[in-house]
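> Residues per chain, in single letters:
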Amino acid sequence: MSVIEVQEVTKRFGDFTAIDQITLDFAEGEIHAICGENGAGKSTFMNMLFGLLQPTEGQILLHGKPVDFHSPKEAIHSGIGMVHQHFKLVPSLTVFENVLLGEEMTQSLKIDRQREKESVQATIDNFGFDLDAGDKIEAISVGAQQRAEIIKMLHRNVDILILDEPTAVLTPQETDELLDKLIELKNLGKTIIIITHKLDEVKKCADRVTVIRRGKKIGTVYNQDVTEKDISRMMVGRDVSLDFDKKPCTCGDLVLQLNNVTATSKLGKKVLEGIDLEVKQGEIVGIAGIEGNGQAELMELFSGTRKLTDGEMIYKGKKINCCDPAALRKMGFGLVPEDRYRDALNATMSIWENMIAGRHKDYCKLCFFDDKVIRQVTKELIEEYDIRNCDNIDALVSTLSGGNAQKIIMAREISCNPDIMIMSQPTRGVDIGSIEFIHQRIIQLRDEGKAVIVISSELTEIMNLSDRIYVMHKGKIVGERETSQTNKEDIGLLMAGINHQANREVAFSYGT
Amino acid sequence: MELNKWRIQMVMKSLLPIFLALMIGYILIFISGYNANEAFTYLFMGALGGKKQIMNTLFAATPLIFTGLATAISFKAGLYNMGAEGQLYLGAFAAAYLGFSLQGLSPGMHITICLLGGALAGFVFALIPAVIKAYLQVDEMVSTLMLNYVAILYTTYLASYPFRAPGSSNAETINILPTAVLPRFVSESQLHVGFLLALVAFVIIYIMLNKTILGYEITALGKNQHFTEYVGMNVAKKIVIVMTISGILAGLGGAIETLGTHGKFVSGFSPDYGWTGLTIALIGKFNPIGVLAGAFLFGILKNGGSSMEIMVGVPRSLISIIEGLIVLFMTVDMLNKRFSLGTKIKQAIQSLGSSKGSQNNLKQEVN
Amino acid sequence: MEQLLSILHTTLRMTTPIALAALGGLYAHRAGVLNVALEGMMLASAFFGVITSFATGNIFLALFVGILASVVLGFVFSFFGITLKGNLTIVGLAINTLVAGASSFILQVVFGQRGTFANQKIVGLKELDIPILRNIPILGDIFNKHTPIVYLSLLVLVVVHFILYHTKLGVYIRTVGEKEDAAVSVGLPVNKLRYISVLIGSVLCGLAGINIALENVTMFVENMTGGRGFIALAAIYSGRGTAIGTYVFSLLFGFADAMQIRMQNIKIPGAFIQMIPYLSIIVVLSVIGLLNKRSRRVSDDV
Chain A
1 MSVIEVQEVT
11 KRFGDFTAID
21 QITLDFAEGE
31 IHAICGENGA
41 GKSTFMNMLF
51 GLLQPTEGQI
61 LLHGKPVDFH
71 SPKEAIHSGI
81 GMVHQHFKLV
91 PSLTVFENVL
101 LGEEMTQSLK
111 IDRQREKESV
121 QATIDNFGFD
131 LDAGDKIEAI
141 SVGAQQRAEI
151 IKMLHRNVDI
161 LILDEPTAVL
171 TPQETDELLD
181 KLIELKNLGK
191 TIIIITHKLD
201 EVKKCADRVT
211 VIRRGKKIGT
221 VYNQDVTEKD
231 ISRMMVGRDV
241 SLDFDKKPCT
251 CGDLVLQLNN
261 VTATSKLGKK
271 VLEGIDLEVK
281 QGEIVGIAGI
291 EGNGQAELME
301 LFSGTRKLTD
311 GEMIYKGKKI
321 NCCDPAALRK
331 MGFGLVPEDR
341 YRDALNATMS
351 IWENMIAGRH
361 KDYCKLCFFD
371 DKVIRQVTKE
381 LIEEYDIRNC
391 DNIDALVSTL
401 SGGNAQKIIM
411 AREISCNPDI
421 MIMSQPTRGV
431 DIGSIEFIHQ
441 RIIQLRDEGK
451 AVIVISSELT
461 EIMNLSDRIY
471 VMHKGKIVGE
481 RETSQTNKED
491 IGLLMAGINH
501 QANREVAFSY
511 GT
Chain B
1 MELNKWRIQM
11 VMKSLLPIFL
21 ALMIGYILIF
31 ISGYNANEAF
41 TYLFMGALGG
51 KKQIMNTLFA
61 ATPLIFTGLA
71 TAISFKAGLY
81 NMGAEGQLYL
91 GAFAAAYLGF
101 SLQGLSPGMH
111 ITICLLGGAL
121 AGFVFALIPA
131 VIKAYLQVDE
141 MVSTLMLNYV
151 AILYTTYLAS
161 YPFRAPGSSN
171 AETINILPTA
181 VLPRFVSESQ
191 LHVGFLLALV
201 AFVIIYIMLN
211 KTILGYEITA
221 LGKNQHFTEY
231 VGMNVAKKIV
241 IVMTISGILA
251 GLGGAIETLG
261 THGKFVSGFS
271 PDYGWTGLTI
281 ALIGKFNPIG
291 VLAGAFLFGI
301 LKNGGSSMEI
311 MVGVPRSLIS
321 IIEGLIVLFM
331 TVDMLNKRFS
341 LGTKIKQAIQ
351 SLGSSKGSQN
361 NLKQEVN
Chain C
1 MEQLLSILHT
11 TLRMTTPIAL
21 AALGGLYAHR
31 AGVLNVALEG
41 MMLASAFFGV
51 ITSFATGNIF
61 LALFVGILAS
71 VVLGFVFSFF
81 GITLKGNLTI
91 VGLAINTLVA
101 GASSFILQVV
111 FGQRGTFANQ
121 KIVGLKELDI
131 PILRNIPILG
141 DIFNKHTPIV
151 YLSLLVLVVV
161 HFILYHTKLG
171 VYIRTVGEKE
181 DAAVSVGLPV
191 NKLRYISVLI
201 GSVLCGLAGI
211 NIALENVTMF
221 VENMTGGRGF
231 IALAAIYSGR
241 GTAIGTYVFS
251 LLFGFADAMQ
261 IRMQNIKIPG
271 AFIQMIPYLS
281 IIVVLSVIGL
291 LNKRSRRVSD
301 DV
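Protein chains in written order, with full-length UniProt numbering: chain A, 1 to 512; chain B, 1 to 367; chain C, 1 to 302.
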């Protein structure tokens, strides 16, 4: 029996049609996966179910009755809960305060914190989650935050749970646990809708799969009837291969070396501890790890925006412990940070202004810009890197898709001819076509003899690109492997902080 | 064609709030029992009705161009220098001090030194918040706001005690020497050479912002500081540069007021030039052309306001009301179809009951 | 000793309007709204309070009308800044200009007065002489003989703190300011909460304005709030958005004001004493900055 029926729903933003005539139904007690590439319209679709957006046309039926949600509150009251990709949690509040946000328990005027905490802890224990209701959100791991989000919905008695890219921030082991938990919840009668582009997870837990491409529904299939490859073909519209032939690595001189590097946060907590790491010419070094285990801090260290408190960073034999980004760039660092629109691009500036950022001083005469040269260089790079929708280089860079924006950054950084290229999450939010292109460029850089570091939480990406892999856990490097002598399971265990026979408990106690 | 239409719309966008504010002003005059037609005639004739009137309007706009540009350049870089008022005071005092104490200089030389002194005073006084912002992350909005009071108190003290003109009942210094006085263009208007200096400052800032590396870096800094740091521009250094340019402009504005308008330092000489400059910079969207237009508009109101007061008796404070209304209305994009005032009001009424307004944000995000 | 107690007594008196405005602005600050209009709200309340007191001779009516004027401005500020999403700083500055102009315009047109409005018919706030306090040494000298609003302000401090940390409203306001997304996702009325935060500020600014105009001077002077709204903002920032911290920094300003008033006949020029709070805020913030400097990015705070 269907719980939700979506009938010919269309959503337009101005002239742009995000969702085009989608008809779909969700059955009671099923796990239904919605698959699609980045920008296919999955999130827009779910936001309509959750009342954050209203359809332009068409209607949504809940238990056979048409509904018209104008706020998430209405959706929640009708039993639909959503766990967003970016958590909607207040960092300075505790787990129970977040869970009960909007539904506080009061004694006359005062909030009864003790009762609140007990009540939330009861729900947590009832569903068998590993979570402490009294912890502050800012002090717990990302995985725990996600559990808090799920509890937030379960505590409100929802029977339909929407999860938007829930595994993006989890380890393979945490992911498995989550999927098991979802199946458990399904068996309790909940309907689960999971939005994802990770097909192995779809295969593991879903009953049915609906594929969306460019706002249109491509089809709904039973999971048992299809293979990953079939779904992938539905998503992209063609066969995709991210495997490529890589020449064996011919390593040259040592380029960058970290010796026993430690860094502390504002509050004095160690965010990086005893990091030893090295990169040679012509080598791709992958840094794997679940997000939030020090990779972001490591990237900041490489970029010169964070200072190390102990140890040393040596570049071509020279100690570079306290350089700022400007100095590092001068020495031959190419940097692609993970937060594209915070660090790498200026969303409110034009394409050409972003393209020349950092070496803008090369394009001027007597501190005046040389427009002609700048335009020509920009156009050449756009062509070389196959960046689409860039005819007007005065347009804002934020009008570009994730893939094209990332290519702008790659073009800029590579054209500076760096000796070492350091990239964090180079293909996050990027479409498959661009991923192919970016991966090829990274391999090409290596073959030209550059030193390359790739930090990524996508294990597949690390395995495909790297010659050597370091794994990070809790701010430390917990393992180093030659790619040819390891496999996903091995790395996955390291990511969870388990060095083979070590106790499995360790993995999930992080931060709690 | 499209571009023209866009330009017309832009102009309309700024004219509509002015028109509305004037209309309310007109009604206020009317219900206060004055002859509103006459008052408005004097308002405009007094500001634009002849060569002398226009010159006086430009005179009134001169200090505002300086404080407006000073604020605009720092805000454009995302640095909230609210200290133009204090920098102006120090610049004015420095110029006065050099103006009455240096003897035997040629006029050109003397004026130049006084202007440099004013600029230097503004520079030094902006350096304090700049350095503690750049290296100690002290919020510049708070520090400049605080330093305003310090500057005003300090210059008032100087003009009341050590440098007070003998026999004067006000807190003011003795007159500057004739060699330091900025000459007027014609004797019947107060407009002086300082106005040309304001225009020069405008041109320099305009070119700097639009054509040079520094301008590019300022824009980048203002819109995204992380990015600016990441791609290798020295953020701390840029903060100091921008803040001090801002201070220099405000200091120069003060110096020019001393040398051209008062001929001495008078405590409390500024009717909130700093704040008005801030307002002008905000409604001019930190664009030098917008600042220039804003300064003229406020010059017209100020100059026309006094003629209206003298001739019809309508209190000058009406001008403050009109100014406030113009600024208030300018914060709202009145012509935008999707967010026109009518729909906004409708939305507002609904949003008092639900959280619809905030959903607009989300919509844009999803987009 | 006598001198010191007298200064402390004046400190409390001078702190009151700043602290009220600051505690009022605190909610808006925590809800993510920079309320630059505190100054205008206080001035409006002072003006209409004086006018009402003059016209009716009723101090309660004056209090009511003053607060009402401030609340009306709170609505204007919220409507333009929150509903119409205008730039909050511009809206705030516009309101300040508007109030300064309007008060002086009305004074001149209706009452034929320029700049100042003083009249014997204006009824002021009575200082309370509390019998219990009167007999306690030291404490009595500091805390006795203030206007009711001064005592109210101490109560306000406690209430503000309580509301902010122990009630639904406080949690919601902090949520809206810290993570708007979280508020939206559980259907909290974000705009309504912002309105409420601004309006609470209006009420307290109304009290502050009345206390400025109707304590011992009982008159209205153009621009008589003298930048207290901005000082209140500085106190909020420096106090890191907590009620207690905000009050402490308000006290600092009040103390300096008191020193300046009390030391007018001593040799040190008042100007330098008046500078103390401004300079000390800068020093305090610099020291905090210096302590935090380790392991931090330049852009962290922006």
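Rather than coming from a laboratory, the hints here were simulated on the basis of the structure.
Some clues are possibly wrong.
Unchecked claim - Where chain B lies over chain A, by a calculated footprint (3+ residues, C-beta under 8 Å):
{"id": "1", "segment": "343-357"}
{"id": "2", "segment": "362-375"}
Stated by the list, open to error - Simulated pairs of lysine to aspartate or glutamate, DMTMM-like, Cα-Cα distance not exceeding 20 Å:
{"id": "3", "chain 1": "B", "residue 1": "223", "chain 2": "A", "residue 2": "394"}
{"id": "4", "chain 1": "C", "residue 1": "168", "chain 2": "A", "residue 2": "370"}
{"id": "5", "chain 1": "A", "residue 1": "216", "chain 2": "A", "residue 2": "57"}
{"id": "6", "chain 1": "A", "residue 1": "307", "chain 2": "A", "residue 2": "278"}
{"id": "7", "chain 1": "B", "residue 1": "211", "chain 2": "A", "residue 2": "370"}
{"id": "8", "chain 1": "C", "residue 1": "168", "chain 2": "A", "residue 2": "104"}
To be verified - Label pairs and their computed distance ranges (CB to CB):
{"id": "9", "chain 1": "C", "residue 1": "113", "chain 2": "B", "residue 2": "310", "range": "13 to 21 Å"}
{"id": "10", "chain 1": "C", "residue 1": "284", "chain 2": "A", "residue 2": "398", "range": "24 to 32 Å"}
{"id": "11", "chain 1": "C", "residue 1": "113", "chain 2": "B", "residue 2": "9", "range": "38 to 46 Å"}
{"id": "12", "chain 1": "A", "residue 1": "126", "chain 2": "C", "residue 2": "242", "range": "31 to 39 Å"}
The beta-carbon is built from N, C-alpha and C at its ideal position, and this holds for glycine as well.
> Would you mind marking each hint as holding or not holding in the structure?
Structure-based check of all given hints:
{"no.": "1", "hint": "343-357", "verdict": "holds (count 9)"}
{"no.": "2", "hint": "362-375", "verdict": "holds (count 4)"}
{"no.": "3", "hint": "223(B) x 394(A)", "verdict": "holds (16 Å)"}
{"no.": "4", "hint": "168(C) x 370(A)", "verdict": "violated (58 Å)"}
{"no.": "5", "hint": "216(A) x 57(A)", "verdict": "holds (14 Å)"}
{"no.": "6", "hint": "307(A) x 278(A)", "verdict": "holds (18 Å)"}
{"no.": "7", "hint": "211(B) x 370(A)", "verdict": "holds (9 Å)"}
{"no.": "8", "hint": "168(C) x 104(A)", "verdict": "holds (7 Å)"}
{"no.": "9", "hint": "113(C) x 310(B): 13 to 21 Å", "verdict": "holds (19 Å)"}
{"no.": "10", "hint": "284(C) x 398(A): 24 to 32 Å", "verdict": "violated (39 Å)"}
{"no.": "11", "hint": "113(C) x 9(B): 38 to 46 Å", "verdict": "holds (45 Å)"}
{"no.": "12", "hint": "126(A) x 242(C): 31 to 39 Å", "verdict": "holds (36 Å)"}
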